[in-house]
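Construct the entire structure; sequences and hints are all you get.
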Amino acid sequence: MADPGYLKVVVAFDDQAAYRRALKLCVRVCSELEEGLRVQPLPWTPDYLGRSDWPPIRPRQAAEADIVVVAASEPEEVPAVVLAWVEQCCAQPRTAAGLLVALLGDSGDDDSNSFLAEALRAIAARTHFAYLAPEHLGELPVGRDLAPRSPRASPRRAAGG
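Going by our numbering, the sequence shown opens with residue 21, and the numbers climb by one from there.
Heads up, some of the hints might be wrong.
Here are the computed distance ranges between Cβ atoms for each label pair [said to hold, decoys possible]:
#1 35 - 154: 17 to 23 angstroms
#2 58 - 150: 17 to 23 angstroms
#3 104 - 52: 29 to 35 angstroms
#4 142 - 51: 29 to 35 angstroms
#5 80 - 126: 31 to 37 angstroms
#6 154 - 94: 16 to 22 angstroms
#7 146 - 81: 17 to 23 angstroms
#8 135 - 58: 31 to 37 angstroms
#9 100 - 25: 34 to 40 angstroms
Keep in mind that the hints were calculated from the coordinates and are not lab data. Here a beta-carbon is modelled for each residue, glycine too, at the ideal position from N, C-alpha and C.
Written out as structure tokens, the structure is:
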């Protein structure tokens, strides 16, 4: 980890429901780890490509992440550009082991054998990432903080919100 007080997580998602599932996973992971550890989620969606108001997370930035999460409510509709981007992220030189997590389908779906799941497993194997595809995330722990790395990183905080 770049900063021992933060768990840096890149979250690639296709809709808000998928992003919420990814955040729930982040909170769950933090609740299992040392007290005081905070998650720094870095959201990314294919919709951000080409938008000047939201620069994409570069693969080099993603190499600093401890965890790369791919969260998709509609895994069969995830564009190929996402797989290419995930592979670029995971293939970057790293100073520590990485974890690739697949949160595919709605919470009740079993998409563990979908094309996307198989592709992500293969990416993890090629890039020496551990691979995890949890089926049930359980309830969201209460009182966990998903704070950004610094007050400067959050426009809302900077504005006093």
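Going through the hints against the structure:
1. 35 - 154: 17 to 23 angstroms: 19 angstroms, holds
2. 58 - 150: 17 to 23 angstroms: At 22 angstroms between Cβs, range holds.
3. 104 - 52: 29 to 35 angstroms: Holds - the Cβ-Cβ distance for residue 104 and residue 52, about 31 angstroms, lies within 29 to 35 angstroms.
4. 142 - 51: 29 to 35 angstroms: Holds, since residue 142 and residue 51 (Cβ atoms, about 30 angstroms apart) stay within the stated range.
5. 80 - 126: 31 to 37 angstroms: For residue 80 and residue 126 the Cβ distance comes to about 33 angstroms; the hint holds.
6. 154 - 94: 16 to 22 angstroms: 19 angstroms, holds
7. 146 - 81: 17 to 23 angstroms: For residue 81 against residue 146, whose Cβ atoms are near 20 angstroms apart, the range 17 to 23 angstroms holds.
8. 135 - 58: 31 to 37 angstroms: 34 angstroms, holds
9. 100 - 25: 34 to 40 angstroms: This hint holds: roughly 36 angstroms between Cβ atoms.
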